[in-house]
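Undergrad: What follows is each chain in one-letter form.
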Amino acid sequence: MKIKSSGSNAPDVDMTPMIDIVFQLIAFFMVISNFEQQQADERVTLPKNQLAKPPEVKRDDAFTLNVGFLKDKQGEIIDRTPYIFFGDEQIEVANSSNRLRQEAQFYQTIGTPLEDVTVEIRADREVQSGLVQTLIQKCQEEGIEFQRFALKATQKVSP
Amino acid sequence: MKIRNRNEGGEKIEVQMAPMIDVVFQLLIFFMLTLKIIEPEGDFDINMPLGAPQTSSVTDPDLPPFKVRMEADPATGALSQLLFNGQPMGNDSTAFQRLNLEIFKSVNALKAAGPEALEKQEVEIDPDFGLHYKNIIEAISACSGKMVDGKMVRYISRIKFAPIREEN
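Taken in sequence, the protein lines are chains B and F.
Take the first sequence: its letter number 44 is residue 44 in our numbering, and every next letter is one higher.
Take the second sequence: its letter number 160 is residue 160 in our numbering, and every next letter is one higher.
Any given hint might turn out to be false.
Straight-line distance between alpha carbons at most 20 Å, and here's what the computed EDC-like set of lysine to aspartate or glutamate pairs gives [said to hold, decoys possible]: (1) 48/B with 122/F; (2) 71/B with 126/B; (3) 48/B with 115/B; (4) 48/B with 20/B; (5) 160/F with 141/B; (6) 48/B with 119/F; (7) 53/B with 92/F; (8) 48/B with 41/F; (9) 160/F with 116/B.
Just so you know, the hints here were simulated from the structure itself, not pulled from any lab data.
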């Protein structure tokens, strides 16, 4: 029987379909990657609500306050004292005036009126309500005077 | 001028695919690793004009705000009683539905009085200090509207907080 010789040339692999798929994947991951929610803190478990819809127009001037508890890797609360998280920094609500004043001064320096700035409050679902009210009150102390507030919640998809 | 014949020799130019594939895979891995699945977040606007936050401010004396009072269990912070204008709504999961219904009835009554009245109407949320924050969101949601077939029907948009209650 005659065996067909495959020859010494390497077979040509058609790369086009693979590149097509890989580009599709890259495009997919690029589109769904969300680089905007850098302000969100993982230590905060937001309450869920059906009516919580993302704003249709993105706010120009907004800053976020994350209020939550220190948690371990399993997500269990290890300290029942709520803190405001600024990156690695944690401040108790009672001692937050200086930090809020700095934020207000920043907006005043760049020439944005404080009444146009929205304070987005991301509070953990188990934080005491009075504490959130205290935080809002602190945001309205003399020299801080923010007027717009938005309480954040995770959007619950209705069944 | 002599023009160089590009097809001289008639050889096909081979494109080097290996470097491109290397880069493309690097990109793919980068996007896969940086992917974080985050649930979409929404928010509720709160109307807190400057002034005396410690005193209950009435914007329009003819239109007193709807009062939503929430009492908390001091030990757990769970909701123990929900009251709408002094009327008990219960403390279970249906309490907020009942509140939503009461707000709907009041909104209909206001609509009959005129569209301006509805725009001016405020809701004042008055929780106990220790109440879990998730109840606030539920109450605000019940006052602001209802989802009907995936669309939001807005009831009241002016929501504010009552003065802070003392911590127990």
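Undergrad: Each of the hints needs a verdict: does it hold here or not?
TA: Against the structure, the hints:
no.: 1; hint: 48/B with 122/F; in the structure: violated, 24 Å
no.: 2; hint: 71/B with 126/B; in the structure: holds, 13 Å
no.: 3; hint: 48/B with 115/B; in the structure: violated, 28 Å
no.: 4; hint: 48/B with 20/B; in the structure: violated, 39 Å
no.: 5; hint: 160/F with 141/B; in the structure: holds, 17 Å
no.: 6; hint: 48/B with 119/F; in the structure: violated, 27 Å
no.: 7; hint: 53/B with 92/F; in the structure: violated, 25 Å
no.: 8; hint: 48/B with 41/F; in the structure: holds, 9 Å
no.: 9; hint: 160/F with 116/B; in the structure: holds, 18 Å
Hints 1, 3, 4, 6, 7 from the list above are not met by this structure, while the remaining hints are.
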